[in-house]
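There are 2 protein chains.
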Amino acid sequence: MNTEIKFETKKAGENIVVIEFVLAREISPEELRNINPPDPIENKFADKLVILSGRGPIWLYGFLIHFYHPVKAIAVFDPRLDGAVVVESHSKEYEVGQVVKI
Amino acid sequence: MNTEIKFETKKAGENIVVIEFVLAREISPEELRNINPPDPIENKFADKLVILSGRGPIWLYGFLIHFYHPVKAIAVFDPRLDGAVVVESHSKEYEVGQVVKI
Chain A
241 MNTEIKFETK KAGENIVVIE FVLAREISPE ELRNINPPDP IENKFADKLV ILSGRGPIWL
301 YGFLIHFYHP VKAIAVFDPR LDGAVVVESH SKEYEVGQVV KI
Chain B
241 MNTEIKFETK KAGENIVVIE FVLAREISPE ELRNINPPDP IENKFADKLV ILSGRGPIWL
301 YGFLIHFYHP VKAIAVFDPR LDGAVVVESH SKEYEVGQVV KI
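So the sequence lines, in the order shown, correspond to chains A and B. Quick note: the first sequence uses our numbering, first residue 241, plus one each step. Quick note: the second sequence uses our numbering, first residue 241, plus one each step.
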């Protein structure tokens, strides 16, 4: 169960939550079965924009994007843009392709 | 509408479809609104495993993973693993974290 991946949840304004992950070492695919990202319902941020941030493989992001599917909108932080790109939105508040600065 | 992104659909066995994208130049976030990936219903591969492959930003993958949400399962190709990692599955046939060789 110890997957050497740490998640940190940070509020960025009233309606934005940043989920930042840090890998202590390289993650292997089967570890996706045991990771435990902060639950959006339990932690009451399902009604917010979730920004994913961290250095890791694209498939880890893929897993997280599916995991956070129930939230209002999901964005992926891109350091080159100094902001997060909305990739999925269930709300008129956020549009796919929008860059959210944090 | 011309976003300089090309998608190629390849069959890999009976139950696997590889969606490979090629960017002619760097994509900008707002272009996510105009890209047109192969539709899984129209192209009759909603009942298959979809493997995403290509060099591009993580948020493009984020968009595609949401786009292909209706299919049986989604995997992300990782050249370092010489295979694709299942990130989302709605079938017992594929398990999250499984590496599918193609």
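Hints in this document: simulated from the structure, not taken from any laboratory. Careful: at least some of the hints might be erroneous.
Unchecked claim - Derived DSSO-like pairs: lysine-lysine, alpha-carbon spacing no greater than 30 Å straight-line:
#1 K332(A) to K246(B)
#2 K246(B) to K341(A)
#3 K246(A) to K250(B)
#4 K288(A) to K312(B)
#5 K312(B) to K332(A)
Evaluated hints:
Between K332(A) and K246(B) the alpha-carbon distance is near 29 Å, which keeps this suggested pair within the 30 Å criterion. With a C-alpha separation of about 29 Å, the suggested pair K246(B) and K341(A) falls inside the 30 Å cut-off, and the hint holds. With a CA separation close to 37 Å, the supplied pair K246(A) and K250(B) exceeds the 30 Å bound. For the hint pairing K288(A) with K312(B), the CA-to-CA distance comes to about 28 Å; that is within 30 Å, so the pair holds.
Pair hint K312(B) plus K332(A) holds up; C-alpha atoms about 28 Å apart against a cutoff of 30 Å.
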